[in-house]
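Residues per chain, in single letters:
Protein chains: 2
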Amino acid sequence: MRSIRPVQKVIDGFEILPGIGPKSAARLAYYMLNMPQERLERFAEALENLKKDTKFCELCFNVGEEQFCPVCQDANRDKTLVCVVENALDLIAIEKSEGNKGVYHVLGGSINPMAGIGPNDIRIPQLLARLRLGEVKEVVIATNPNLEGEATAMYIVEKIKEMGLSETVKVSRIGRGLATGADIEFADGQTLLRALEGRRVM
Amino acid sequence: MRSIRPVQKVIDGFEILPGIGPKSAARLAYYMLNMPQERLERFAEALENLKKDTKFCELCFNVGEEQFCPVCQDANRDKTLVCVVENALDLIAIEKSEGNKGVYHVLGGSINPMAGIGPNDIRIPQLLARLRLGEVKEVVIATNPNLEGEATAMYIVEKIKEMGLSETVKVSRIGRGLATGADIEFADGQTLLRALEGRRVM
Chain A
1 MRSIRPVQKV
11 IDGFEILPGI
21 GPKSAARLAY
31 YMLNMPQERL
41 ERFAEALENL
51 KKDTKFCELC
61 FNVGEEQFCP
71 VCQDANRDKT
81 LVCVVENALD
91 LIAIEKSEGN
101 KGVYHVLGGS
111 INPMAGIGPN
121 DIRIPQLLAR
131 LRLGEVKEVV
141 IATNPNLEGE
151 ATAMYIVEKI
161 KEMGLSETVK
171 VSRIGRGLAT
181 GADIEFADGQ
191 TLLRALEGRR
201 VM
Chain B
1 MRSIRPVQKV
11 IDGFEILPGI
21 GPKSAARLAY
31 YMLNMPQERL
41 ERFAEALENL
51 KKDTKFCELC
61 FNVGEEQFCP
71 VCQDANRDKT
81 LVCVVENALD
91 LIAIEKSEGN
101 KGVYHVLGGS
111 INPMAGIGPN
121 DIRIPQLLAR
131 LRLGEVKEVV
141 IATNPNLEGE
151 ATAMYIVEKI
161 KEMGLSETVK
171 VSRIGRGLAT
181 GADIEFADGQ
191 TLLRALEGRR
201 VM
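Order-wise, the sequence lines are chains A and B. Under the working numbering, read the first sequence as residues 1 to 202, first letter to last. Under the working numbering, read the second sequence as residues 1 to 202, first letter to last.
Keep in mind that the hints were calculated from the coordinates and are not lab data. A hint or two may mislead.
Any copy will do: because identical chains look the same in the list, a pair fits if it lies in one copy or spans two.
With a Cα cut of at most 30 angstroms, we get these calculated BS3-like pairs of lysine-lysine [said to hold, decoys possible]: (1) K79 <-> K161; (2) K52 <-> K137; (3) K159 <-> K101; (4) K137 <-> K23; (5) K52 <-> K96; (6) K101 <-> K23; (7) K96 <-> K9; (8) K9 <-> K52.
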């Protein structure tokens, strides 16, 4: 016995999200039956407008509401220092640590051959194009300290060398104050701050 | 640094749901930024219509699309046997076990003094009114085998005695094939089937 159609549609919506299995999806849907209609409509509206009201920053690919994200728009940020992160949540975690006085480049993932994600499937070409312009003097690679994140860091370093930019651009990797296999977005600010301070030249 | 407004709205929507903390809510919202707009709109529509397209059954308070739910509409079900459950997900779990040939009464919760939920805050008055009509000959109480579920079962039995119906209505409690403290909706069909078969008179 499946749930009736209107409930099943909500279950289906939840079920495709990461970390939500069929049982949790059903629980959430039935829970929502007892929520005020106005709450459901507010949530529905937020979902519908999520992508309409947001833009990827044309420079760093962070999420914002305008052509350039709040960080790139900030005149006080050091535009010669670019911190490379996997996603926008990692950027937020690093912003909270206040360890980065520069700007960002959001890759939108990491190199993962098992999942069929190569260097050109994330925003590495855009990063290299940005470096080619010559304004950036330092790159801090803050991808996750796991297999995919390390591979991504290594690939970027190699490409910068190939492009003959290793003389003018200092490349470093975020310090391993972080436990191996951990997620940047769940690390506390202090750990992230130390990791940023303790970055090492590659 | 909070997320930008359109993203924060989606985070807020997730955060009020049971079992979803602030970090999971943020993860889900950012994940959704990479989902196709059409998927988001389908989900939004499902949420908006969830309550509009569903009705509580006027007899048993199960979730349905019409005045009476599919179980109550089924001519093959034994209308003299009522299985009392806490919520619609418990009903679905019992339906899957095929252990109930009768119909249901969905309480919409359990008596929980700590949370300020008394007998009249769930659908016990409606159950008693239904029994007063005289058609029901057997009541199987399938509330969860935990403190609140047991208290709810005891209360219902007392009320039936008080109303002088214990002569004409046989009341039983679902068999304890279930582990104490467990949730009915997560139990497997076999366990539920045995529990229904092994019910004992109260």
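Against the structure, the hints:
1. Taking identical chains as interchangeable, the C-alpha atoms of K79 and K161 lie at most 30 angstroms apart only when both belong to the same chain, with a minimum of 21 angstroms there against 79 angstroms between chains.
2. Taking the shortest Cα distances, K52 and K137 never come within 30 angstroms of each other, neither inside one copy (35 angstroms) nor across copies (58 angstroms).
3. In the homo-oligomer, the alpha carbons of K159 and K101 lie at most 30 angstroms apart inside one protomer (25 angstroms), although the nearest pairing across protomers, at 69 angstroms, exceeds that limit.
4. When the C-alpha separation of K137 and K23 is checked against a cutoff of 30 angstroms, the pair qualifies neither within a copy, at 50 angstroms, nor between copies, at 34 angstroms.
5. In this assembly of identical chains, the alpha carbons of K52 and K96 lie at most 30 angstroms apart only when taken from the same copy (26 angstroms versus 42 angstroms across copies).
6. Only between protomers do K101 and K23 lie at most 30 angstroms apart by alpha-carbon distance; the minimum there is 25 angstroms, versus 44 angstroms within a single protomer.
7. Taking identical chains as interchangeable, the C-alpha atoms of K96 and K9 lie at most 30 angstroms apart only when they sit on different chains, with a minimum of 20 angstroms there against 37 angstroms within one chain.
8. Taking the shortest Cα distances, K9 and K52 sit within 30 angstroms of each other both inside one copy (23 angstroms) and across copies (13 angstroms).
Of the numbered hints stated above, those contradicted by the structure are hints 2 and 4, listed in ascending order.
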